[in-house]
Amino acid sequence: DGGITQSPKYLFRKEGQNVTLSCEQNLNHDAMYWYRQDPGQGLRLIYYSQIVNDFQKGDIAEGYSVSREKKESFPLTVTSAQKNPTAFYLCASSRTPGTSGGASNEQFFGPGTRLTVL
Amino acid sequence: AQKITQTQPGMFVQEKEAVTLDCTYDTSDPSYGLFWYKQPSSGEMIFLIYQGSYDQQNATEGRYSLNFQKARKSANLVISASQLGDSAMYFCAMREPNSGNTPLVFGKGTRLSVIA
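Protein chains in written order, with the numbering used here: chain G, 1 to 118; chain A, 1001 to 1116.
These aren't lab readings, by the way, just hints derived from the structure by calculation. Please read these numbers as outputs of a predicted model, since none were measured by experiment. You may find that some hints are simply not true.
[Claimed, not checked] Think about it this way: if two alpha-carbon atoms lie no more than 30 Å apart in a straight line, the pair counts; the simulated BS3-like pairs of lysine-lysine are:
#1 A:K1073 - A:K1003
#2 G:K57 - A:K1016
#3 A:K1108 - G:K9
#4 A:K1003 - G:K83
#5 A:K1108 - G:K14
[Said to hold, decoys possible] Example chain G residues on the side facing chain A (calculated, C-beta under 7 Å, incomplete):
#6 Y48
#7 A81
#8 P111
#9 G112
For every residue, glycine included, the Cβ atom is placed at its ideal position computed from N, Cα and C.
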């Protein structure tokens, strides 16, 4: 079945360590996104990529880095520069407009990774 | 100013009753899209319904309908015949302009609890 996978589901990190969150999709979508969710809050955009080898910063990119070397993959690295990384991280993708599907071009989300800094 | 405002942190509804979740938005772009997502306790985000700014009719998807009042900049979600499984967080989101793969901007959400 087509979908988005994120791993790991739970991740624990010591302060000062970099960690990488995985996001893979087999939906053949061009665009991929990373959001952060804090308790009782909505989703905030970290980075997004509309095409391979290109990505843009979102509202809260400081302390994070991404790469987009393959269409299917958009890993997120949480660096030691991120001061408060404990949060729930959601990856999403959306199809190329004008291809099959409705006008909504909604984003499809993965199951998320819960990161805790010890 | 917030782009998406959801003023109800929490709502309760009796099973089988209808409930309205409020969402107001702020944009000067004539082209935008409005979305509602459901987030159960498992954390996944489930797309429910979409309304384009140029759509003439209010969107409906099964038990979900969107009360779109363009002049008031509101896009309230109406859930009819509530079920226990509807208990979740609900997020309103906007894409502006409504083209390409512009990222969504989300509100802070409303927690809905359905009571038996």
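Hint check:
| no. | hint | result |
| --- | --- | --- |
| 1 | A:K1073 - A:K1003 | holds (11 Å) |
| 2 | G:K57 - A:K1016 | violated (44 Å) |
| 3 | A:K1108 - G:K9 | holds (23 Å) |
| 4 | A:K1003 - G:K83 | holds (26 Å) |
| 5 | A:K1108 - G:K14 | holds (29 Å) |
| 6 | Y48 | holds (5 Å) |
| 7 | A81 | violated (23 Å) |
| 8 | P111 | holds (5 Å) |
| 9 | G112 | holds (4 Å) |
Taken one by one, the earlier hints fail for this structure at numbers 2 and 7, listed in ascending order.
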